[in-house]
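Asker: Build the full structure now, drawing on both the sequences and the hints.
Protein sequences appear in the order of chains A and B.
Here this note's numbering runs 21 ahead of the position in the first sequence, where the first position is 1.
Here this note's numbering runs 339 ahead of the position in the second sequence, where the first position is 1.
Treat the hints as calculated values from the structure; they're not laboratory data.
One or more of the hints may lead you astray.
[Said to hold, decoys possible] Among the chain A residues that face chain B by a calculated CB cut under 7 Å, a handful are: (1) Tyr162; (2) Asp168; (3) Ser169; (4) Arg172; (5) Met175; (6) Arg194.
[What the hints assert, rightly or not] Quick list of simulated restraints, FRET-style, between CB atoms: (7) A:Arg135 <-> B:Gly464: 51 to 61 Å; (8) A:Glu120 <-> B:Gly464: 22 to 32 Å; (9) B:Lys500 <-> A:Arg214: 50 to 60 Å; (10) B:Glu541 <-> A:Ala82: 50 to 60 Å; (11) B:Glu506 <-> A:Arg224: 24 to 34 Å; (12) A:Arg135 <-> B:Lys500: 33 to 43 Å; (13) B:Asn548 <-> A:Met123: 23 to 33 Å; (14) A:Ile96 <-> B:Glu507: 51 to 61 Å; (15) B:Glu507 <-> A:Arg224: 17 to 27 Å; (16) A:Arg224 <-> B:Asn548: 31 to 41 Å; (17) A:Tyr116 <-> B:Met475: 37 to 47 Å; (18) A:Met123 <-> B:Asp380: 34 to 44 Å; (19) A:Arg135 <-> B:Glu507: 32 to 42 Å.
[Claimed, not checked] List time: in silico DSS-like cross-link candidates among lysine-lysine, alpha-carbon distance up to 30 Å: (20) B:Lys552 <-> B:Lys385; (21) B:Lys539 <-> B:Lys498; (22) B:Lys498 <-> A:Lys186; (23) B:Lys500 <-> B:Lys549; (24) B:Lys463 <-> A:Lys186; (25) B:Lys462 <-> B:Lys539; (26) B:Lys463 <-> B:Lys498; (27) A:Lys186 <-> B:Lys549; (28) B:Lys385 <-> B:Lys413; (29) A:Lys186 <-> B:Lys552.
C-beta: ideal position from N, C-alpha, C; glycine also.
So you can see what is in the structure, the chains are spelled out below.
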Amino acid sequence: PPHWSPGTTIMAVEFDGGVVMGADSRTTTGAYIANRVTDKLTPIHERIFCCRSGSAADTQAIADSVTYQLGFHSIELDEPPQVQTAANLFKEMCYRYREELMAGIIVAGWDKRRGGQVYTVPVGGMMTRQPVSVGGSGSTYIYGYVDSNYRTGMSREECLQFTAKALSLAMERDGSSGGVVRLAVISEQGVDRQVILGNQLPRFSAA
Amino acid sequence: EHPKMSGSQVKGVSTGTTILAVKYRGGVIIGSDSRASIGGDYVVSKVVNKLIQVHDRIFCCIAGSLADAQAVTKMAKFQLSFLSIQMESPPLVKAAASVLKELCYRNKEELQAGFITAGWDKKKGPQVYTVSLGGMLVSQPFTIAGSGSTYIYGYVDAKYKPDMSREECMQFATNALALAMGRDNVSGGIIHLVVITEDKAEHVIVPGNKLPKFHDE
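Answerer: Next up, the structure:
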């Protein structure tokens with residue numbers, strides 16, 4: 022049976038008041054693009070999303086399980102859950118079953134206590150908070166770009182531009198990433214989702 | 340050892356290195372890091388110069404097995420000096436790149452080395468050529484190679500513009516190398532740059548404490 026390839030580029034950035042999350046939209050089985058409009062930004066709770074990279078089956082199963090656990094926890098608490106809690110639940114599952122799983126996940130969202138937060142749970146099951154995080158096979162190509170262009174204190178708009186540009190650059194170089202750019206902005210007001218189509222992506226005049 | 344822990348480290352034929360060459364208005368800059376390592380475990384040398392002069396205005400740098408690189412460049416140097424005597428003029432950059440290409444292509448089974456050749460000649464001015472692993476020869480305005488290069492594809496795609504000034508190009512090359520060295524654990528040390536123009540080939544060194552710093556440093 023065809024094997025789902027981990028090709029992807031995902032990214033999340035914190036700003037004052039929320040987070041911007043982005044992903045490409047390509048899923049490949051070998052050389053065939055099984056889905057060219059995949060949605061890799063998955064809601065876990067009202068103001069908490071995750072970006073998935075790695076085995077599509079594994080990450081969907083983990084996300085479903087965490088969504089259930091977090092929903093239950095939130096009812097018990099009688100208030101919205103913290104992003105850190107969601108990240109911890111991902112970490113618990115990814116670390117416990119690290120031998121069986123192939124999953125790299127970025128958890129991001131907004132909560133009342135700490136505002137916008139980005140947590141990364143890479144393959145292996147470590148968890149750490151980062152102001153900006155990239156993942157997936159396409160991410161290697163944009164470490165240099167992200168390192169040089171990220172500054173603390175960027176606005177919502179600047180973060181959107183930064184994410185869209187970084188994802189475009191990765192999609193241009195990584196054969197396993199492509200399609201459209203899906204963006205989501207999470208803040209106190211809620212979630213605002215956008216799609217940037219292929220012909221509207223930022224262009225760079227490279228060699 | 341977890342087979343899945345490999346993540347995004349580039350495996351395979353590149354020895355730890357980041358190298359690049361960029362054309363600008365009036366010249367070309369070729370640059371590299373200075374680390375030589377055995378796998379990811381031990382730094383054999385912190386100050387290796389990976390930029391090899393094969394003629395007065397032609398330099399090349401190697402990505403791949405250092406042993407192969409030395410053998411090939413030695414042969415290329417000899418062939419080029421012979422060529423320039425025969426032709427009674429300095430060799431073309433394309434000729435130097437071609438010599439490397441022939442050696443790589445004819446011996447592709449035994450060799451594991453790719454080259455970047457950059458230089459200046461009277462016919463076409465500043466030029467950059469890449470000879471990849473199997474022996475393909477391509478001319479480009481700029482090129483990057485080595486294990487550290489994967490991390491800066493996005494950066495160079497975004498930042499490169501044709502016809503830069505010498506200062507802009509130095510900044511571009513230095514930043515790109517510093518970013519790659521910051522993320523690739525088998526690239527590091529100091530930055531070696533050679534600026535090649537019609538008049539001269541100038542070697543510039545950016546020591547470790549003068550490397551550009553980025554937001555998390």
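Asker: Please go over all the hints and tell whether each is borne out by the structure.
Answerer: To see whether the hints hold, each was checked on the structure:
1. Tyr162: 4 Å, holds
2. Asp168: 5 Å, holds
3. Ser169: 6 Å, holds
4. Arg172: 6 Å, holds
5. Met175: 11 Å, violated
6. Arg194: 5 Å, holds
7. A:Arg135 <-> B:Gly464: 51 to 61 Å: Since the Cβ atoms of Arg135 (chain A) and Gly464 (chain B) sit about 56 Å apart, the hinted range of 51 to 61 Å holds.
8. A:Glu120 <-> B:Gly464: 22 to 32 Å: 57 Å, violated
9. B:Lys500 <-> A:Arg214: 50 to 60 Å: 34 Å, violated
10. B:Glu541 <-> A:Ala82: 50 to 60 Å: At 58 Å between Cβs, range holds.
11. B:Glu506 <-> A:Arg224: 24 to 34 Å: 26 Å, holds
12. A:Arg135 <-> B:Lys500: 33 to 43 Å: 40 Å, holds
13. B:Asn548 <-> A:Met123: 23 to 33 Å: 41 Å, violated
14. A:Ile96 <-> B:Glu507: 51 to 61 Å: 58 Å, holds
15. B:Glu507 <-> A:Arg224: 17 to 27 Å: 21 Å, holds
16. A:Arg224 <-> B:Asn548: 31 to 41 Å: 37 Å, holds
17. A:Tyr116 <-> B:Met475: 37 to 47 Å: Holds, since Tyr116 (chain A) and Met475 (chain B) (Cβ atoms, about 44 Å apart) stay within the stated range.
18. A:Met123 <-> B:Asp380: 34 to 44 Å: 26 Å, violated
19. A:Arg135 <-> B:Glu507: 32 to 42 Å: Given a distance of about 41 Å, which is inside 32 to 42 Å, the answer is holds.
20. B:Lys552 <-> B:Lys385: Status holds; Cα separation ~19 Å.
21. B:Lys539 <-> B:Lys498: 27 Å, holds
22. B:Lys498 <-> A:Lys186: 12 Å, holds
23. B:Lys500 <-> B:Lys549: 25 Å, holds
24. B:Lys463 <-> A:Lys186: 34 Å, violated
25. B:Lys462 <-> B:Lys539: Judged against 30 Å, a Cα distance of about 16 Å means the pair holds.
26. B:Lys463 <-> B:Lys498: 25 Å, holds
27. A:Lys186 <-> B:Lys549: Answer holds: Lys186 (chain A) to Lys549 (chain B) is near 29 Å, not above 30 Å.
28. B:Lys385 <-> B:Lys413: 23 Å, holds
29. A:Lys186 <-> B:Lys552: With Cα atoms ~22 Å apart, Lys186 (chain A) and Lys552 (chain B) stay inside 30 Å; holds.
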